[in-house]
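Chemist: One letter stands for each residue in the lines below.
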Amino acid sequence: MTVGVGAPFVLSQGANPAIIGALAMTAGYCGTLLTPMAANFNIVPAAILEMKDEYGVIKTQIPVALTMFVIHIIVALLLAF
Amino acid sequence: MLKLIGILIVVIGFILKLDTIAVVVVAGVVTGLVGGLSFNEILTVLGDSFVTNRYMSVFLITLPVIAILENNGLKERAVNLIGNVKAATTGKILAIYMAIRTVASALSLRLGGHVQFIRPLINPMAVGAAEAKYEEVDEEEEERIKGLSAAVENYGNFYGQNVFIASGGVLLIVGTLQELGYNVTPLDVSKGALPIAIIAVIVVSFQFFIFDGRIKSKRNLK
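Quick note, the sequences are listed as chains V and S, same order. Going by my numbering, the first residue of the first sequence is number 1, and it counts up by one from there. Going by my numbering, the first residue of the second sequence is number 82, and it counts up by one from there.
Pulled out of the complex, with its shape left as it was, chain S reads as follows (with noise of 0.2 Å):
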């Protein structure tokens, strides 16, 4: 039962809000001392544990080359790329949308979110887009518009994120597999999620064009 000192460490200090990796360390030393290792293979046991695992960190260089593209106006030049479509529909905005947002995940950028992207310009251009041509949206139409743009958000970035090498998720499916004994690279795992998001884009572009053709089809009706 000693031997589960550390679990009784770990839960002490996250209790009084000590150091996170403070606490998790001394809990894996003192786990191993109790558990009759000498200090020596404790130290082994930390590195080959370190060692096997640190690719989990690949992430991080990626981290200052997107602060250097956000910087630079990756988020405008998304907006203009939008903006200059000629004979704009809601459905064409979202669609064109959702293959940049899923081209952003593949590459791991960030574009905004809901808040900072989808609320003040994705939906804007999307109800404008209907507005200029259909004159009056009501009610309805709006809300089911605020639904897809706050939809393409999250097809977008679901289905691209997998696709970048060192995501989380990639990395997570990576660590998993091989602990199961299957030797799996990265690059295998991204190039199996690359289908999928290729087919959502299609898809959910089907969803937007479906969306068109009803409000275009409740005006003729009209």
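With the rest of the complex left out, here is chain V (with noise of 0.2 Å):
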């Protein structure tokens, strides 16, 4: 992703790369909240909990991956140029 289009699109424009780096970083960690397929995270735990709701982690877990998913443009904006 940093090679692909994080280095061309934002880097290029002289933000700074180490802050990029590491917001890229846990902004991908916003999405990791939100997907199945991230099982040890998100399922597993449900299972061990045994929640009803299979999805239930995932489910707590929108409003805040959205909410950090938008700091993070924020912060980015203001740290990172």
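Treat the hints as calculated values from the structure; they're not laboratory data. No false leads were slipped in.
No more than 27 Å apart at the CA atoms, straight line, and that leaves these computed lysine-lysine pairs for BS3-like:
no.: 1; chain 1: S; residue 1: K214; chain 2: V; residue 2: K59
no.: 2; chain 1: S; residue 1: K173; chain 2: V; residue 2: K52
no.: 3; chain 1: S; residue 1: K297; chain 2: V; residue 2: K59
no.: 4; chain 1: S; residue 1: K173; chain 2: S; residue 2: K297
no.: 5; chain 1: S; residue 1: K299; chain 2: S; residue 2: K173
no.: 6; chain 1: V; residue 1: K52; chain 2: S; residue 2: K299
no.: 7; chain 1: S; residue 1: K299; chain 2: S; residue 2: K167
no.: 8; chain 1: V; residue 1: K52; chain 2: S; residue 2: K297
no.: 9; chain 1: S; residue 1: K214; chain 2: S; residue 2: K156
no.: 10; chain 1: S; residue 1: K173; chain 2: V; residue 2: K59
no.: 11; chain 1: S; residue 1: K173; chain 2: S; residue 2: K214
no.: 12; chain 1: S; residue 1: K297; chain 2: S; residue 2: K167
no.: 13; chain 1: V; residue 1: K59; chain 2: S; residue 2: K299
no.: 14; chain 1: S; residue 1: K297; chain 2: S; residue 2: K214
no.: 15; chain 1: S; residue 1: K173; chain 2: S; residue 2: K156
no.: 16; chain 1: S; residue 1: K299; chain 2: S; residue 2: K214
no.: 17; chain 1: S; residue 1: K214; chain 2: S; residue 2: K167
no.: 18; chain 1: S; residue 1: K84; chain 2: S; residue 2: K98
no.: 19; chain 1: V; residue 1: K52; chain 2: S; residue 2: K214
no.: 20; chain 1: S; residue 1: K156; chain 2: S; residue 2: K167
What the simulated footprint calls covered on chain V by chain S, stretch by stretch (three residues with Cβ under 8 Å from a Cβ of chain S suffice, anywhere in the stretch; the number is not a length):
no.: 21; stretch: 8–19
no.: 22; stretch: 31–41
no.: 23; stretch: 51–63
The following residues of chain V were derived to be distant from chain S, with all beta-carbon distances above 10 Å:
no.: 24; residue: V5
no.: 25; residue: L77
no.: 26; residue: F81
Computed from a prediction, not measured in an experiment: that's the story for all the values here. We treat Cβ as the ideally placed atom computed from N, Cα and C, and that holds for glycine.
With the hints as a guide, dock the two chains, each given alone in a separate frame, to form the complex.
Modeler: As structure tokens, then:
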């Protein structure tokens, strides 16, 4: 992602690469909170806690993931340029 | 085409479940030889790559320290910290755990994880706090609390881990950026990850306190 998108589109505009790198990683984690593909974090805990809804953890995480994502964009604009 | 024989060696080696490092090194050496490098040049390339990338193994130093801490009751200490909260509500407990978990992540300390910490400790404490305050917690609320208990482990883990200088994520970022020609140090990247970690603790705590508010108002309306 960094090589294909980050560097040519963002870093080339003069952004601070360390900050963008760190923010890109945690922004990616916002997505990880939402996907059943991250089974170890989202599906397994629902099973271990014997939740009725197998997607219960994901649904709980939606508001925070989306909020954090927006915050990431703001922080990137403020700190990286 | 013969130059791609290294790929063939890797594939066969993995299929036959031979020792991974041996397979990869042999593949590298053979590729070098087939590509016309002298053995000396091959060793030089291997050595240069090792030196440029060896910061990846920095995390190994942290393992003994972590082991000592874990052996000496790190988990129990965390539980104690949370248990000592006065007038505990579910939200408070989870918010405190979020802070603890994020700090632990930033220091690369393992408290347990979903199976060993959330299920046996955090979830019961969170549910227990609600039951202590409201006497009865219905199924829907219990499911919600379970969701929040699992979520807090993920939040603390994800947003805190890149504050640790030798975390896999940080080293990966440094490596990728350096390959692109940007000279960044792990310290720079960790500093970049710090604001998000702090913001995460605040945002997540909001989610917990909103939940507290909801169960409270649900009770008041009854």
